[in-house]
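Student: Those sequence lines, one after another, are chains X and F.
Throughout the first sequence, residue numbering follows our numbering, covering 1 to 113 in sequence.
Throughout the second sequence, residue numbering follows our numbering, covering 1001 to 1115 in sequence.
It is worth saying that the hints were derived from the structure and are not from the lab.
No false leads were slipped in.
Derived CB-CB ranges, DEER-like:
| id | chain 1 | residue 1 | chain 2 | residue 2 | range |
| --- | --- | --- | --- | --- | --- |
| 1 | F | 1070 | X | 52 | 33 to 39 Å |
| 2 | X | 18 | F | 1080 | 44 to 50 Å |
| 3 | F | 1008 | X | 26 | 32 to 38 Å |
| 4 | F | 1016 | X | 20 | 44 to 50 Å |
| 5 | F | 1007 | X | 94 | 28 to 34 Å |
| 6 | X | 39 | F | 1053 | 31 to 37 Å |
| 7 | F | 1077 | X | 31 | 30 to 36 Å |
| 8 | X | 24 | F | 1095 | 26 to 32 Å |
| 9 | F | 1002 | X | 24 | 33 to 39 Å |
| 10 | X | 71 | F | 1022 | 36 to 42 Å |
| 11 | F | 1115 | X | 56 | 44 to 50 Å |
| 12 | F | 1113 | X | 54 | 40 to 46 Å |
Glycine included, C-beta positions come from ideal geometry on N, C-alpha and C.
Residue-level listing of the chains:
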Amino acid sequence: GESVGLHLPTLSVQEGDNSIINCAYSNSASDYFIWYKQESGKGPQFIIDIRSNMDKRQGQRVTVLLNKTVKHLSLQIAATQPGDSAVYFCAERGSGGYQKVTFGTGTKLQVIP
Amino acid sequence: DAGVTQSPTHLIKTRGQQVTLRCSPKSGHDTVSWYQQALGQGPQFIFQYYEEEERQRGNFPDRFSGHQFPNYSSELNVNALLLGDSALYLCASSLLGLAGGDTQYFGPGTRLTVL
Chain X
1 GESVGLHLPT LSVQEGDNSI INCAYSNSAS DYFIWYKQES GKGPQFIIDI
51 RSNMDKRQGQ RVTVLLNKTV KHLSLQIAAT QPGDSAVYFC AERGSGGYQK
101 VTFGTGTKLQ VIP
Chain F
1001 DAGVTQSPTH LIKTRGQQVT LRCSPKSGHD TVSWYQQALG QGPQFIFQYY
1051 EEEERQRGNF PDRFSGHQFP NYSSELNVNA LLLGDSALYL CASSLLGLAG
1101 GDTQYFGPGT RLTVL
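Just chain F, with the same shape it has in the complex:
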């Protein structure tokens, strides 16, 4: 049973470019959340997708957008990259149940470096 997978592992971009990160949830999970983790800090919630719609959003600008596909996989897009966008981007998946959802399981992350 595969866990959460993310691609690519590492990515280097320049300021102003756009980037797309991908996530495949753990088998049986239907909800995907994205987090940004700067070096030395805890993950910061970006947004969450369920049934192909954004359900909750953290304090991130509109340059950050996403998508969820019918197979529950997800993409995170960041436009007009800034140096401050350099971080580890984490995807977490879970099963949204009646009790308010199950535990989130994290992928290994994508390390984005903006030069």
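So here's chain X without its partners, still in its complex pose:
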């Protein structure tokens, strides 16, 4: 399948280590943030989300941290596995009834066995 990772920042992590993927967002009015994982040849897959009234949210092996002061978002993946290899996008959505979602540049995660 085609690669979605061309020309993207790449993070290489040893299998079993923790991964941290960072994202800066631009719109201070955004009230909802999402992390998506995209494997080659597939559409983005929802991982975890966080609303602007929170600064941390945990899922299964993943944690999202939100720092509204500096408009920064991070995704932490615990005990990274080969299946975690993919491109990760942060996305933001403004307040209101309709959902225009703006995606960040993306980071390619490579897990070294």
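Dock chain F against the given chain X, drawing on the hints supplied.
Tutor: This is chain F only, laid out in the frame that chain X set:
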């Protein structure tokens, strides 16, 4: 429970032609959004449909149009194709609630190649 489905999977067209892409939302969802993803980049929002009307639009020319049907499925039409329209076209569905909507779930995309 079927997720978001899109058709066709791949499509090859020539410059100047017109194309129609189709999307069926996840069961229970009423809102469909379309995105264009160029190789190596993040998805770019094209527009969103709810109750059969276009509700929001990104920075795309009028050559890009869409439609939503009473069963919530949707079409994306692109007229007068340009080489730069070659991309992966993604459909995402969600349920528009009072709190500003639910998470968008994406389909596998349609890979459009314009020659």
